[in-house]
Amino acid sequence: MIEVKGLYVTYPDGTRALEGVTFLVEEGERVALIGANGAGKSTLLMALVGVCEASAGSARVAGIELSKKNLPALRAHAGVVLQNPDDQLFCATVYDDVAFGPRNLGMREEDVQTRVQSVLAELGIEKLQSRMPHRLSGGEKRVAAIATVLSMRPSVVLFDEPTSFLDPRARRQVANLLKRLPYTMLIATHDLDMALEVCGRAIVLQHGRMLADGPAKDILTDAELMDGAGLELPLGLGGRA
Amino acid sequence: MSRLSDAMADLYAVEQLAEKDTPVHRMHPLAKLLTALAFVVAVVSCGRYQPLRLAPFTFYPVLLSAMADLPFGRLLRRAALALPFAVVAGASNLFFDTAPAAHLWGVPVSGGTLAFASVVLKAYLSVLALLILTATTRLADLSAQLVRLKVPPVMVTVLTMTYRYLSTLMEEASSMSAAYALRSPYAKGVKLAHMGQFAGQLLIRSADRAERVYAAMKLRGYAGPVPGGRGVPMGRKDWVYLIGVLAAVAAARLVDVPSAVGGLLGGMA
Amino acid sequence: MHMADALLSPAVGGAMCAVSAGAVAYAAAKIGKDEFDDKKIPLMGIMGAFVFAAQMINFTIPGTGSSGHLGGGILLAATLGKFPAFLTLTAVLIIQALFFADGGLLALGCNVFNLACLTCLIAYPLIFKPIIQKGMTPKRIAAASVLSAVAGLVSGALAVVAETTLSGITELPFKTFAGLMIPIHLAIGLVEGLVTAAVLLFVYGMRPEILSCAAERKALGGVSVKKVAIAMLVATALVAGGLSLLASAYPDGLEWSIEKTAGEAELAAQSEVHEAAAKVQEGTAILPDYDYREEGAAAIPGTSAAGLVGAAITLAVAGGCGFLIHLAKKRRQKAAAQG
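These protein sequences, in sequence, are chains A, B and C.
First residue of the first sequence? That's 1 in this note's numbering, and the numbers climb one at a time after it.
First residue of the second sequence? That's 1 in this note's numbering, and the numbers climb one at a time after it.
First residue of the third sequence? That's 1 in this note's numbering, and the numbers climb one at a time after it.
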């Protein structure tokens with residue numbers, strides 16, 4: 001569950017990245033976070049896990065109040081899949097990367113083994129485990145990065161542009177994967193078609209403010225709304241209205 | 001910018017070789033490291049004027065690369081590239097050490113020639129040993145084991161991470177170089193005047209990347225100090241390999257094989 | 001500038017490995033203690049990769065038309081601080097040795113000392129930092145970079161000369177060797193210093209918080225450039241002089257010891273040679289052109305025609321074994337593919 005109330009994020013130079021964002025994501029919901037570049041999507045995600053500091057407002061992620069001292073606990077329950085998998089795969093092998101989280105949680109090595117193997121199996125990438133991350137293909141990297149986050153068994157998972165820079169096949173893989181996962185998810189994305197396919201609900205941001213919040217089907221097919229948000233209709237619906 | 005693409009190709013080629021699955025590849029990384037080191041020390045300790053004593057040492061690279069399915073010809077050529085420094089240094093022996101030190105079929109051979117041959121052969125053998133080590137052992141596996149040799153964990157982590165981001169950074173530098181070259185068609189490299197910006201940009205981008213990686217680490221619970229690695233103990237096969245090779249290396253060093261073989265031949269007739 | 005295994009004696013190589021290992025252990029311990037930012041770890045790793053990539057960038061030097069390369073020691077130290085930079089550069093050297101046959105396994109100790117220790121742990125704190133203490137102005141950054149780069153590279157070059165001479169493998173006359181290396185590295189150091197300065201200026205202008213040297217500058221106190229320059233000259237002279245004394249003692253010592261050992265070897269060789277000669281005389285039919293009986297032949301044990309033939313046979317056997325193994329593997333692979 002993700003509860004956000006009046007969240008404000010102001011950068012040190014005075015730019016207001018988020019202004020009064022309020023919404024609620026129920027358990028098990030999949031919500032798309034859409035908006036033009038600079039609308040504040042990434043900032044919102046980063047604020048929810050304490051990477052960006054909120055200047056006002058409050059949030060409750062996975063039942064934990066967003067505050068500096070709660071960050072370790074919060075981050076154990078809320079995973080973030082970053083935009084660039086290269087930033088998230090920093091260990092010598094995929095196995096080590098997936099094991100990184102569980103090890104930091106203090107699990108015993110045998111338990112870490114079991115956890116890693118089950119996550120790899122869930123995502124179908126067991127054969128990648130002894131590979132070195134820098135030699136994986138774009139799609140493989142993306143799925144491996146997701147594995148590194150899921151291995152901590154979070155209850156909430158935030159995604160920052162999960163289908164960017166992927167070829168059509170890999171994109172299809174990731175989209176299918178997102179549909180399968182049982183977690184509460186908030187997915188920031190430019191891929192409006194994927195958003196329509198995967199998510200039941202959509203939140204639209206513009207200039208740091210919430211423009212709309214409702215069923216994905218309604219929002220993503222509302223040409224006027226999308227245009228006003230600096231977006232377009234999903235390509236599958238004909239793109240520009 | 002061809003140095004970059006050469007380096008990237010080199011790195012990729014070696015990594016591919018290291019991914020093979022042969023008995024040699026399966027050996028414990030530490031066993032391979034220690035045997036390679038012992039080999040180098042033994043080779044290097046051979047007498048200055050005894051190039052022939054180096055002959056039995058050739059068993060090591062030849063047998064290992066055969067058993068590990070390595071392309072020997074390519075290895076030889078790659079090793080040859082690393083020779084120039086040794087050759088140039090060894091040339092001093094040729095020039096300065098001219099007193100005859102041996103006679104082969106009546107022809108006097110200067111000490112310098114022997115020493116030069118010795119230096120070049122030693123260089124070749126030691127580089128080959130190193131290349132074979134890298135072609136049969138993934139750095140990821142090797143660094144995980146280094147902690148067992150009491151290498152400080154910080155050092156191991158930095159080594160692992162540097163290696164991890166090596167090709168990433170080289171690709172970034174490569175695309176920056178390509179962009180630069182496309183806009184400076186007459187330049188052979190980056191102009192000195194532009195190096196500050198060029199390398200500076202790369203540095204800033206690297207620092208930013210490090211920030212993101214740090215954030216990713218924190219998000220997965222990293223609380224310092226150093227991400228741990230586990231070491232796997234050596235198995236029986238590994239010990240057999242280690243001791244076997246060490247014994248062979250010692251034998252090659254201590255026994256004058258060429259003279260023995262040559263003497264045998266003479267005695268047989 | 002990278003030392004190769006073949007030019008080292010086990011004694012010198014081993015000693016330098018011990019020295020470098022000690023330095024690594026010390027630096028690692030230091031990093032663990034002083035309020036170390038765990039943020040530094042990923043920065044160190046990525047900066048290592050950066051230095052590696054940056055070293056591959058060819059830049060052209062105006063006027064000469066030749067290309068230069070960045071070494072990176074001072075740049076790393078200015079960005080990360082001396083101990084993290086030292087470990088990072090060590091990682092780079094290890095990777096260069098393993099993957100690019102640049103340097104060697106035994107020679108790692110020397111290379112870490114020559115290229116990483118001398119720059120990050122000596123030239124940087126003693127020369128670079130004091131100069132920029134009073135301000136990160138372009139002039140000071142340039143002076144600091146050039147002076148520390150030159151000091152680092154020249155002392156590194158002298159270390160190479162000393163290590164090579166002390167190892168006694170080559171006949172490179174100390175004075176000539178040093179005489180060649182020093183001017184070359186002065187020039188290289190100058191260029192490296194200028195490039196380092198340019199990069200530092202750029203980064204300082206855009207993102208000063210990246211540079212550790214900027215953060216480490218204390219507000220109070222500063223050292224005058226003159227004092228630092230004098231200190232640097234004294235230090236370099238001491239290091240160079242000390243190493244030279246050590247090494248120049250040796251060439252003469254080496255000659256003396258070679259004479260001695262050659263003399264003894266001569267005696268030993270002669271008796272071995274006589275034995276071998278006796279054996280060969282029995283089978284002169286096979287190898288008719290031996291001539292052990294030449295007067296005054298100072299034969300070296302093992303280096304004889306018999307030895308040469310023996311060596312050739314050894315090589316052939318080694319090659320043959322390798323080839324047979326290769327064939328066996330091929331056959332097994334074929335069978336596996338078909339079966």
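Hint data in this document are derived by calculation from the structure and do not stem from the laboratory.
Note that the structure is predicted; figures quoted are calculated from it, not measured.
Check before you lean on any hint, since a few could be wrong.
Restricting the straight-line Cα-Cα distance to at most 25 Å, the calculated cross-link-like pairs of lysine to aspartate or glutamate (DMTMM-like) are [said to hold, decoys possible]: (1) C:Lys-330 with B:Glu-19; (2) C:Lys-329 with B:Glu-19; (3) C:Lys-329 with B:Asp-208; (4) B:Lys-20 with C:Asp-38; (5) B:Lys-218 with A:Glu-140; (6) A:Lys-69 with B:Glu-171; (7) B:Lys-20 with A:Glu-126; (8) B:Lys-218 with C:Asp-102; (9) A:Lys-127 with B:Glu-211; (10) B:Lys-150 with C:Glu-209; (11) A:Lys-127 with B:Asp-97; (12) B:Lys-218 with A:Glu-53; (13) A:Lys-68 with A:Glu-126; (14) B:Lys-218 with A:Asp-167; (15) A:Lys-127 with A:Asp-111; (16) C:Lys-175 with B:Asp-97.
Footprint (simulated), chain B over chain A, 3 or more residues, beta carbon under 8 Å [what the hints assert, rightly or not]: (17) 77-86; (18) 227-236.
For each residue, glycine too, the CB sits at the ideal point set by N, CA and C.
Hints, one by one, checked against the model:
Under the criterion of a C-alpha separation no larger than 25 Å, the hint pairing C:Lys-330 with B:Glu-19 is consistent with the structure, at around 18 Å. Under the criterion of a C-alpha separation no larger than 25 Å, the hint pairing C:Lys-329 with B:Glu-19 is consistent with the structure, at around 17 Å. A C-alpha spacing of about 48 Å is found between C:Lys-329 and B:Asp-208, which places the hinted pair above 25 Å, so the restraint is violated. A distance of roughly 36 Å separates the Cα atoms of B:Lys-20 and C:Asp-38; the hinted pair therefore is violated under the 25 Å criterion.
For the hint pairing B:Lys-218 with A:Glu-140, the CA-to-CA distance comes to about 23 Å; that is within 25 Å, so the pair holds. Only pairs whose Cα atoms come within 25 Å are accepted, and A:Lys-69 paired with B:Glu-171 is rejected, the gap being roughly 39 Å. Distance hint between B:Lys-20 and A:Glu-126 is fulfilled; the C-alpha atoms sit about 18 Å from each other, no more than 25 Å. A hinted pair counts as satisfied when its Cα atoms are at most 25 Å apart, and B:Lys-218 with C:Asp-102 does not qualify at roughly 36 Å.
For the suggested pair A:Lys-127 and B:Glu-211, the alpha carbons sit about 30 Å apart, so the restraint of at most 25 Å is broken. For the proposed pair B:Lys-150 and C:Glu-209, the alpha carbon gap of about 34 Å is over 25 Å, so the pair is violated. Using a Cα cut-off of 25 Å, the hinted pair A:Lys-127 and B:Asp-97 is violated, with the two alpha carbons roughly 59 Å apart. A distance of roughly 15 Å separates the Cα atoms of B:Lys-218 and A:Glu-53; the hinted pair therefore holds under the 25 Å criterion.
Straight-line distance between C-alpha atoms of A:Lys-68 and A:Glu-126 comes to about 36 Å, which puts the hinted pair past the 25 Å bound. Distance check on the hinted pair: B:Lys-218 and A:Asp-167 sit about 30 Å apart at the alpha-carbon level, beyond 25 Å; violated. The suggested pairing of A:Lys-127 with A:Asp-111 holds, with an alpha-carbon distance near 20 Å, which does not exceed 25 Å. This hinted pair checks out: C:Lys-175 and B:Asp-97 have alpha carbons roughly 17 Å apart, not beyond 25 Å.
With a threshold of 8 Å between beta carbons, the proposed coverage of the segment 77-86 of chain A by chain B holds, since 5 of its residues qualify and at least three are required. Counting residues of the segment 227-236 of chain A whose beta carbon lies closer than 8 Å to any beta carbon of chain B gives 0, which falls below the threshold of three, so the coverage claim is violated.
Hint compliance for this structure: hints 3, 4, 6, 8, 9, 10, 11, 13, 14, 18 are not met, and every other hint is.
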